[in-house]
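Residue numbers (the working numbering): 1 to 225.
None of these hints come from the bench; they were simulated from the model.
Note that the structure is predicted; figures quoted are calculated from it, not measured.
We treat Cβ as the ideally placed atom computed from N, Cα and C, and that holds for glycine.
Worth double-checking, as some hints may not be accurate.
Said to hold, decoys possible - Straight-line distance between alpha carbons at most 20 Å, and here's what the computed EDC-like set of lysine to aspartate or glutamate pairs gives:
| no. | residue 1 | residue 2 |
| --- | --- | --- |
| 1 | Lys-54 | Glu-67 |
| 2 | Lys-38 | Glu-70 |
| 3 | Lys-29 | Glu-39 |
| 4 | Lys-218 | Glu-207 |
| 5 | Lys-35 | Glu-92 |
To be verified - Quick list of simulated restraints, FRET-style, between CB atoms:
| no. | residue 1 | residue 2 | range |
| --- | --- | --- | --- |
| 6 | Asn-27 | Asn-146 | 44 to 50 Å |
| 7 | Ser-140 | Thr-61 | 17 to 23 Å |
| 8 | Lys-121 | Asp-165 | 45 to 51 Å |
| 9 | Thr-162 | Lys-43 | 35 to 41 Å |
| 10 | Lys-101 | Ser-140 | 32 to 38 Å |
| 11 | Tyr-203 | Asn-27 | 21 to 27 Å |
| 12 | Lys-218 | Lys-157 | 16 to 22 Å |
| 13 | Asp-51 | Lys-155 | 16 to 22 Å |
| 14 | Gln-177 | Ser-140 | 15 to 21 Å |
| 15 | Glu-70 | Ile-158 | 44 to 50 Å |
| 16 | Met-172 | Glu-70 | 42 to 48 Å |
| 17 | Lys-155 | Glu-202 | 42 to 48 Å |
| 18 | Glu-70 | Ser-109 | 20 to 26 Å |
| 19 | Val-66 | Thr-126 | 20 to 26 Å |
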Amino acid sequence: MTFYEINRSYDPNVTGVRNGRSPFLINEKKTFISKEAKERYDKYNKSIDTDINKLFLNEFTPINSVEVSEIEVFPISKRVKLTDWMQVSPREIGFTFLFSKKLVNLIDSYRMPQYNKLTTKIAGHTNDYFLVGFPIIDESFINFENTIFYDDIHKKKIQFSTYEDYKVFFEMNTFIQPTDIYLNKKINYDIIRIRSRYFFSEYLISEMEKSNILGYEKLSGVLHN
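From just these sequences and the hints, can you work out the full model?
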């Protein structure tokens, strides 16, 4: 099955925000319903920052959404436009996007791994949203012999025979990204996250288009699963 890389839109005509800024903020004093809830949220994120392996697919444990229940985020200006796919600041690696209830209901009808999902209200609005974060697959899932990378510095495509070759090169040149990805392990989900990149199955994207999901854009990356 083919997956395509997509991400939230940075187009100000879509978001109402210039310079690619996050449309919503987490307020240290107002976002959480209690001091304890904020402490649990911060503790969870710190544990991920300390050991990113905890976010890997095979080891992933979502936050306890009972301990950190409904939160509230705040628009950075009156010009912010509500879409189905948005972002908050500060952005945590375990909580990357703000999805509408409509989008969450749609993706939950497909094959999903466990993922972080916190009920979220937007100040001044009644729409239901969720702050979400997906687990990551590590490089052991990638078939390096077939995967094509792009070197942004030298503007050329590049390939590696093994993960070890890739790792040595990456330590010297971090400006490389896989653009045509092959996996050596089948992943039976319709959303696959590789570090900060998100790949949705062609079937899920088609359903998003039919459902008029707004706020995302299709990028150049392709993944074969």
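A quick look at each hint next to the structure:
1. For the suggested pair Lys-54 and Glu-67, the alpha carbons sit about 19 Å apart, so the restraint of at most 20 Å is met.
2. This hinted pair checks out: Lys-38 and Glu-70 have alpha carbons roughly 11 Å apart, not beyond 20 Å.
3. Taking the CA atoms of Lys-29 and Glu-39, the gap is about 12 Å. The hint holds against a cut of 20 Å.
4. Between the alpha carbons of Lys-218 and Glu-207 the distance comes to roughly 14 Å, so the proposed pair stays at or under 20 Å and holds.
5. At roughly 19 Å between alpha-carbon atoms, Lys-35 and Glu-92 fall within 20 Å of each other, so this suggested pair holds.
6. Distance hint check: the CB atoms of Asn-27 and Asn-146 are about 46 Å apart, consistent with the given range 44 to 50 Å.
7. Roughly 19 Å separates the CB atoms of Ser-140 and Thr-61, a value that falls within the hinted 17 to 23 Å.
8. A hinted range of 45 to 51 Å holds for the C-beta pair Lys-121 and Asp-165, which are about 48 Å apart.
9. Between Thr-162 and Lys-43 the beta carbons are some 38 Å apart, a value that agrees with the proposed interval 35 to 41 Å.
10. The hinted range of 32 to 38 Å is satisfied by Lys-101 and Ser-140, whose Cβ atoms lie roughly 35 Å apart.
11. Between Tyr-203 and Asn-27 the C-beta distance comes to about 38 Å, which lies outside the given range of 21 to 27 Å.
12. Between Lys-218 and Lys-157 the Cβ separation comes to about 20 Å, which falls inside the hinted range of 16 to 22 Å.
13. Separation of Asp-51 from Lys-155 is about 35 Å and departs from the stated range, judged on CB atoms against 16 to 22 Å.
14. Evaluation of the 15 to 21 Å hint for Gln-177 and Ser-140 yields a pass: the beta carbon distance comes to about 18 Å.
15. Between Glu-70 and Ile-158 the C-beta distance comes to about 46 Å, which sits within the given range of 44 to 50 Å.
16. The supplied range of 42 to 48 Å is met by Met-172 and Glu-70, whose beta-carbon atoms lie about 46 Å from each other.
17. Taking 42 to 48 Å as the suggested C-beta distance range, the pair Lys-155 and Glu-202 does not conform, at roughly 29 Å.
18. With their beta carbons about 23 Å apart, Glu-70 and Ser-109 fall inside the hinted range of 20 to 26 Å.
19. Taking 20 to 26 Å as the suggested C-beta distance range, the pair Val-66 and Thr-126 conforms, at roughly 24 Å.
When the structure is compared with the earlier hints, violations turn up for hints 11, 13, 17 and for no others.
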